[in-house]
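Enquirer: What follows is each chain in one-letter form.
There are 2 protein chains.
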Amino acid sequence: MSSLSTADHLRAALDGPWSEIREQARTQLAGDRFTDDPSLDFRAARARVLDQMRAVAQMGYAERGFRRENGGTGEPGAAVVALEMLAYTDLSLWVKAGVQWGLFGGAVENLGTERHRDHVKRLLSLDLLGCFAMTESGHGSDVASLETTATYDPDTQEFVVHTPTPSARKDYIGGAAEHARMAAVFAQLITAEGNHGVHCLLVPIRDEHGNDLPGVTTSDCGLKGGLPGVDNGRIVFDHVRIPRENLLNRYADVAPDGTYSSEIENPSRRFFTTLGTLVRGRISVGGAASAGTRVALSIAMRYGMKRRQFSDPDTGGETVLLDYRNHQRRLLPLVARSYALAFAQNDLVRRMHLVQTGQDLEPGAQRALEKRAAGFKVAQTRHATRAIQECREACGGAGYMTENRLVTLKADTDVFTTFEGDNVVLTQLVAKELLTAYADEIRDLDALGWVRFAATMAGDVVRKRSGVRQLIQTLRDRSGESVDEGDLSRRSVQLQLFADREDYLVRTAADRLRVRAQETSPFEAFNNAQDHILAAGTAHIDRLVLETFIEGIGLIEDPDARELAERVCDLYVYSMLEENSAWYIMHRFMSVERAKAVRRGVNELVDKLRPDALTLTEAMGVPESMLRAAMLHDASVYERQ
Amino acid sequence: MSSLSTADHLRAALDGPWSEIREQARTQLAGDRFTDDPSLDFRAARARVLDQMRAVAQMGYAERGFRRENGGTGEPGAAVVALEMLAYTDLSLWVKAGVQWGLFGGAVENLGTERHRDHVKRLLSLDLLGCFAMTESGHGSDVASLETTATYDPDTQEFVVHTPTPSARKDYIGGAAEHARMAAVFAQLITAEGNHGVHCLLVPIRDEHGNDLPGVTTSDCGLKGGLPGVDNGRIVFDHVRIPRENLLNRYADVAPDGTYSSEIENPSRRFFTTLGTLVRGRISVGGAASAGTRVALSIAMRYGMKRRQFSDPDTGGETVLLDYRNHQRRLLPLVARSYALAFAQNDLVRRMHLVQTGQDLEPGAQRALEKRAAGFKVAQTRHATRAIQECREACGGAGYMTENRLVTLKADTDVFTTFEGDNVVLTQLVAKELLTAYADEIRDLDALGWVRFAATMAGDVVRKRSGVRQLIQTLRDRSGESVDEGDLSRRSVQLQLFADREDYLVRTAADRLRVRAQETSPFEAFNNAQDHILAAGTAHIDRLVLETFIEGIGLIEDPDARELAERVCDLYVYSMLEENSAWYIMHRFMSVERAKAVRRGVNELVDKLRPDALTLTEAMGVPESMLRAAMLHDASVYERQ
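Heads up: the sequence lines are chains H and D, in that order. Letter by letter, the first sequence follows residues 1 to 641 of the numbering used here. Letter by letter, the second sequence follows residues 1 to 641 of the numbering used here.
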């Protein structure tokens, strides 16, 4: 035990509840078999990824995500973690696996019933390749407005799936261009009684030779910014007939005579329940974004510790990049944020696991999970976009070479801020939940009905969040804090600052909606405050992330690892406060002197952490064997002799 | 005349001194001949770009950049502008042309003498394809430390060019992988007397069949993050012998007997004079970055004016993206910054033209030009990276499709923050010039000698910048300003705030160096203040950009176009102030109330500018025929019927 290094202890903490799965994957996925090959054209890349997916299937990565009765092992948390590890190898493989087992598989498993069980078994083994046909050219974020129709014909007991307009074309659908044989299609369900809203149906789209079935026209999205191994495509339906049983009927069904029934009466609630079962996809995107970011930061940090440029007249030698203040400042706060988000993601997956295995039956747990999943997806994908870009630039010309992977990581993760929920829309969703204090009513209101509702709640809108208050109190007790409550190095003070920002922004956004809603239309009221509302959502996410970081550190037993993690947490907090210092000063939560102290604090912390740079890098848990950046192996070329 | 629209007038202003060249290029370069073809693999892309370059050569784009005695027409400003227009078509073509005529051609023209005249004629016509072999694997930013040697052998009257270590390998060299036959090689020039520092020599690297010449080993950098049409490669020299006359001998020569001579005695000054002649490359990079950004913003703005998402309950219809406050806030300030930078670039090219045609003989003009070129290169490439990323995200999934060009623009411009001078290093260079008040001495000091020098200057370091003071006074006089000097809507007050920030940062950075330099080594003193020094450089650049914007507006005669430009300038100023509001409050240049007014001001300005969105887009000067984004032509699919 004593042979474990500080990096080992810290890595174990970052690995979280399913650390053994991560450890196993580090061995299983190493080597050339699962790497991307950037020299392939996109058709060859797609074929390679499909082969890799078959290998992954044989290693049992997929079963964990499915219930026992469907042929799985019923470990949703482990499934998300295992698939996340694919992001260390090739993000195309991760997306392709995510589409097959997470999105398509998840739809069949969670929206289907026993009559679809055979499909689950076949999709698990890749005997059935599927795709998830939700987004249309005309509507992505606004799922409720999808235009594709599924009209029931009682005469033949079939649904007629149809694309009524050009903008109703299914678009960007992973698998639709080449490999998928069946699509989980989201469409407006229409019976003689009328339109029942968006439902999901299984529609065969290709025959065994890969040809489009009658009435189905697929096409290829072609080249994208990245993810060459994913065959994104388009689908147009021309009155395609499918059996009545192909409706995934867990929450609603149509009887042979065309009678519609659902255990959830309210159409809006039914819609959100349907979408809610798909939360795992959103959670997975955040995790993969973070995994890709850790790869990029591991590469850039290691390069920064080797590469030298410009001589130091004091020593005569050239200076290692990471010894420059600016280089420390550009990379170390990003590492700190990656630590914070790793703890956040672990906590999120744990919560998801408890909800989805029925261990957390709290009313509201599912809804809280959805909000948290939306928020952490935003935080992690935004961080990925920014951090990987910084890594590329911090490695100069070498960073631009594909052989050093950073540009591929950037290109592949770029769309993560968009898919599984556009980040702006998701941040708004988080804020909306806060502003309406989770009121059940608001989901049933039309598009902007929640604005009127939020306006009525103003003043009362910041809930008594017993959780954060209790955590602050615990932190105070632990540190024996009594005097000098304003000491910024204390965790309780830091957390209070995050909570203050959130509370203030939520309350004032609500006030603003209230004032405006009396004068203007809901859209005007909302739009006028949109930047404010988004800031409130972001502040909430930031506070949750810090909480999970603090809780994560609390579980580290090794004193050295713990102390190091505390310092990283300080850097995370200080750099977040620095980023938001204008806000803090403007709203009198911070004096000018304190804001200056925060700025100095960031400098002091990067100084302090510099000697631990390698430990911090190793603890991010991307083994050297999985880095595959030529510049790290070709040291003689990039380091002067 | 009256038939010209506001957009036409505004475009003419943004087009600047060589507007007729831009107009001509908009016709000449339209159509499929000069577009990129993302479906090609990198070898085919390179061949296509070479073909395109031959067509460009025939249209006379290159001659403008060369003196009459060398076969050109002697219009350096026109040359930079004409080549910049290639950035609207394909950035690989722009880079390839820039390497051939700007870097390789520029070296031969500016560092060579009459004995190299024939080379200029041949490179102009593409009879001679060249490359610019400066960067090595081990040294990019620190050019003075290049390791390649050129040792004179008086017995044979030859130079022996050699790569003494693995890190001395020439790397990332455009043209070195395939097409170049000759390299302008930067190497330490060694004679019997010793090492004379870095000089440039012409070294043939391939025979007429494209095979490496004896002693030369080229290799291919392979795939990069973008720019597939540029054949970047590596070169290793094994005692390659070239004639004595291949030294580009404008500033220094070696006599047949091996005697070294130079009209510039000081080696450091000689080095900087040599590099200074290459300033055009850096200026061109900034211009191309801005051109690429205008293409991206034109695409994203037009999409934002068409694409609808989520219904507005007041109207029943769906809301156009650009009607959302958040969408306005994410795009319009970037458009405003692109306007500012277009004026800045025009001003820079004009200054370069005057210096390089001998019309500006002010002592110090060349040096001021170099500082400005470095600063504007940083500002424009940083803006490109950020703005194009924002455009991609603002177009959602469609933005990720290669057919909509944004991802290609992002990938191609990504390395612009690195090449022709890393942005961090260049910002430091700008700051260093400020901190030492252009003292001639400092260029002769070793690596960090300027730190000691700057320390002695502290307190006295902010020069009396008569320019900015006079401009502020002119603006005050013009607006009849007497009372209420603090009115933030006044241009003079805005400019004063920019100048105050710069002055304060420069002065305090100097103070910090002074205090530290007494206690620690120069490196410690510098490194401890590095973030402060960089901030000073950035503040200086920001102030210069604003000045050129103001001066540019002053030349607009059409009242509507002028009024619109004034509003755009306000948005530029307010969004810059908002970005830096923490600094302004912390240093008491802005009250909390004023900072809040700035924030509100941004919102009011995007509101006001929204109705002019199309005019602003058209005035950026990228014709619709050159946008080539599928989603703009396929409106029926992305807009609901």
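Don't read these hints as lab results, they were simulated from the structure. Don't take every hint at face value.
The list cannot tell twin chains apart, which means a pair is met if one copy fits it or any two copies do.
Said to hold, decoys possible - In silico lysine to any residue, SDA-like type, Cα no more than 20 Å apart, as pairs:
hint, residue 1, residue 2
1, Lys596, Met586
2, Lys306, Val143
3, Lys596, Thr217
4, Lys608, Thr217
5, Lys608, Asn528
6, Lys306, Gly71
7, Lys121, Asn110
8, Lys306, Glu403
9, Lys608, Arg543
10, Lys596, Glu114
11, Lys608, Arg325
12, Lys596, Pro256
13, Lys306, Glu147
14, Lys596, His532
15, Lys608, Asp207
16, Lys306, Glu318
17, Lys608, Ala7
Please read these numbers as outputs of a predicted model, since none were measured by experiment.
Enquirer: Hints numbered earlier in the text: which of these fail when held up against the supplied structure?
Expert: Those not satisfied are hints 3, 4, 6, 9, 10, 12 and 15.
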